[in-house]
Structure formats: structure tokens, C-alpha cells
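Protein chains in written order, with our numbering: chain A, 457 to 780; chain B, 151 to 228.
Each hint should be verified, as a subset may be incorrect.
As the list claims (entries may be wrong) - For lysine to aspartate or glutamate, the following DMTMM-like pairs were computed, each having C-alpha atoms within a straight-line distance of at most 25 Å:
| # | chain 1 | residue 1 | chain 2 | residue 2 |
| --- | --- | --- | --- | --- |
| 1 | A | K736 | A | E777 |
| 2 | A | K708 | A | E680 |
| 3 | B | K222 | B | E204 |
| 4 | B | K156 | B | D210 |
| 5 | A | K510 | B | E204 |
| 6 | A | K508 | B | E204 |
| 7 | A | K736 | A | E759 |
| 8 | A | K622 | A | D746 |
| 9 | A | K622 | B | D163 |
| 10 | B | K216 | B | E171 |
| 11 | B | K159 | B | D210 |
| 12 | A | K508 | B | D163 |
| 13 | A | K508 | B | D184 |
| 14 | B | K223 | B | D210 |
| 15 | A | K736 | A | E698 |
| 16 | A | K510 | B | D166 |
| 17 | A | K534 | A | E589 |
| 18 | A | K719 | A | D746 |
By construction, these hints were calculated from the structure, which means they are not laboratory data. The structure displayed is predicted, hence computed values, not measured ones.
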Amino acid sequence: MIAYTRANTRAWSMLGSSGAFGVAAMELPELDSNVAILTADLAFFSGLDRFKAKYPERLFNLGIAEQNMLGVAAGMAKEGLKVFATTYATFASARCCDQVRVNMGHMHADIKLVGLAAGLSVGILGATHISIEDVAIMRAIPNITIVCPADCTATVKATVAAARHKGPVYLRLSGVQNNPTVYQGDFEFTIGKAIRLREGGDIAIIATGTMVHAALEAATLLAERRIACAVIDMHTIKPLDEAAVKETLGAKLLVTIEEHSVKGGLGGAVSECLAGLRQKPPQLVLGMADSFNRPADYPYLLEKNGLTPRQLAESIRASYEEVK
Amino acid sequence: MTNLEKYTKAFVDAFDVPPSELPTLAYQAIPSWDSVGHMGLMAVLEEAFGITLEIDDVIDFSSFAKGQELLKKYSVEL
């Protein structure tokens, strides 16, 4: 039984999202006796050492062969197993696009595909590992539920929720060890239901993944300038919580923030949701530039993409000055 | 409870080992002191002593004895 204590929340934060996934994985056989986990040579990086020791018959390392892993996962799912499969986010999406499209999207194979190190966190490995477009790829494939937890506590929650969810899920994990904490203890997490974390009437910020914490910090900075921001954790990007988006229509400016390309991610999903409306606030889409990044460490790349709280606050303030 | 008692209790609770084995206990010497157990221990120590450990110290915390030395930096005398 997972205990959402303050100490555990802190420990999961220090482990990072992959480690938090590993913690949640230990609970999965209790939830479903048919759980199996596949990995493409990332058992340790997926935080699965303990799972491997306790449930060796449930963990399968398919080697650095992600597309094959998805095929094996689909076969196991069709035999009635509840399958999680882990690899880097960029390989889960771009490399395995056809396997995801056919097996998960078209055939509805009940696979929970875990995209590790999404966004910029493994930036030191360069463009092959930096995942800028995984959400865009997954969004374009029918029947895939996309979940992007805000912190490590939410990662534990999202993993359990994914296990209970019927149908294919892409679980997008981002950030590094010592991930900032948004949720200090237990909270209600329902796939498809956004969480309003802060109220404010001037600007509505809809963020996902690691950018939820950054958005909260940016909102605090903007409050010092007497600009009131609401902050919404849009942890499920597909299906989008359209009702939560439409609750922001009274704001003077709508902002979306994601550690993903500004093309095709959360910003695009929100734009599509509002496109048919006659009256809506202008939207500022903040995220990674539509370009490849050079290898560098995580803090540098966040700054280069304008995703630190101070940079976000400044971008939002400048845009707000134009529209208020 | 003294600081040393708090420190000892954190290890005993985290790893289920008798206090007599603690002076020579090191990271990964027992199955429960793996990376997950390590972060759990760090979180409990932070809570017990009201401190926030720097990430370099979390990494350097390689044994029961080394931890005693590191905590001095946070004004925790054991």
C-alpha cells in the first residue's frame, strides 16, 4: 500500500520521475495479478531494480530493440496481460511510431507505454535523446491517452491510474532527480480531469509536466507585479479536459506551458479546443522552440528555451501588457 | 530522544537492521539500502532534524559513519 506521506513525497522527489515510477511499479501486482513490465534495456533507469528482485518472472528486458518490445507487449496484452513498457520518450514515440499506431492505436492493445526522460532532462545525450515532439506524435494517433504528471507524487498516482485505466496509455515522465514538488501528500488524481492549483482573474496558465511547478513559481513572481494568475495542472493532454479549458475564457490572457515543442503539444490541443469559439482570450504558447537542441545539461537547456520561472514570468508579463 | 538516537532509529526503521550492525553499515551492503531505500532514509533524516540535504551530500552519504560526518555541516551533532 503506497503511503503518501511527506517523507515519501520527498524521497520520490529525490529519486526523480523514473524512480517514482519504480516505486509505484512495486504496487502494480497487488492491483492486477496479470501485470508484466517490459523494458528496452532500461530496467535500472526505470527504477525497476526492486521490481526485478521481487518479481523476476514479471520483468522482461527486451534489449535495445524498442520496436520489437512494442510488438511483444502487444502480443502479451492480447493474451490478457496488463503490460507496461518503458524506454526513452523519444524512442517510445518517434522510433516506435508505427508500432504504437497499429498495436496501441488501431488494435487497442492495452499497453501502458512509459516515456522516460521526456523533454530536456537527458539533454547531455543530445538531439537523439531530447524529446521535443513525443506528445505531438502521440496526439495524432487515435485512441491513445496521454498523461504527463507534474511531479514525482503525481507520477506515482498516474502510474496507478494508468494500471486501472482500460486501454492504451502513453505515460510521459519528465524532470530529473530532486524534481520540484507540487503535491506534498495524497490528492485526487483522475485521468482526464485537470487540477486547478491557483486562482487568479487576469491570466489563466495551463501547464503540464514539470512546467506546472514552474508555472506556479511564475505566478508568484507575477503576483508581485499585481498580476493575478490562475494555474491549472493539465496532466492529461488527451483526452483534454475541455471543460477546464473553457473555464478560463474569462481571463484576459490564456497561457500554455510545456516542456515540449510549441508545435503539436499542449498548446496545440488547447488551441484546437477553442478554435471554434467566437470569443476567447488570446493564447500565448510557451514551450521548447521548434528546433533541435545541442547537447547540454538540463538547467542550461531550460534557460535556453525560456522555461525558467523568471523567464516564463517575463514572457507572460510582456504578452499581458499587449492585451490587457 | 538524542540526535544519535534519532539517527540510529532512522536507519533501523528504514532498513530493518539491528543497531549493533550500524557502525559498519554502508550503502548497498544490504538489499534494503539500495537507491530507493537511500532516498527514503534521506527524507526521514531531513524530517527528523528539520534540514534539507544538498544533493551532493545525498550522493556522498555512503555509510552510517559518513552520514554522521556530513550531518555536522547542518549543525547536527551526533
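These are the hints, each one checked on the structure:
no.	hint	verdict
1	K736(A) / E777(A)	holds, 17 Å
2	K708(A) / E680(A)	holds, 18 Å
3	K222(B) / E204(B)	holds, 13 Å
4	K156(B) / D210(B)	holds, 20 Å
5	K510(A) / E204(B)	violated, 31 Å
6	K508(A) / E204(B)	violated, 30 Å
7	K736(A) / E759(A)	violated, 30 Å
8	K622(A) / D746(A)	violated, 34 Å
9	K622(A) / D163(B)	violated, 38 Å
10	K216(B) / E171(B)	holds, 15 Å
11	K159(B) / D210(B)	holds, 20 Å
12	K508(A) / D163(B)	holds, 23 Å
13	K508(A) / D184(B)	holds, 13 Å
14	K223(B) / D210(B)	holds, 13 Å
15	K736(A) / E698(A)	holds, 14 Å
16	K510(A) / D166(B)	holds, 17 Å
17	K534(A) / E589(A)	violated, 28 Å
18	K719(A) / D746(A)	holds, 7 Å
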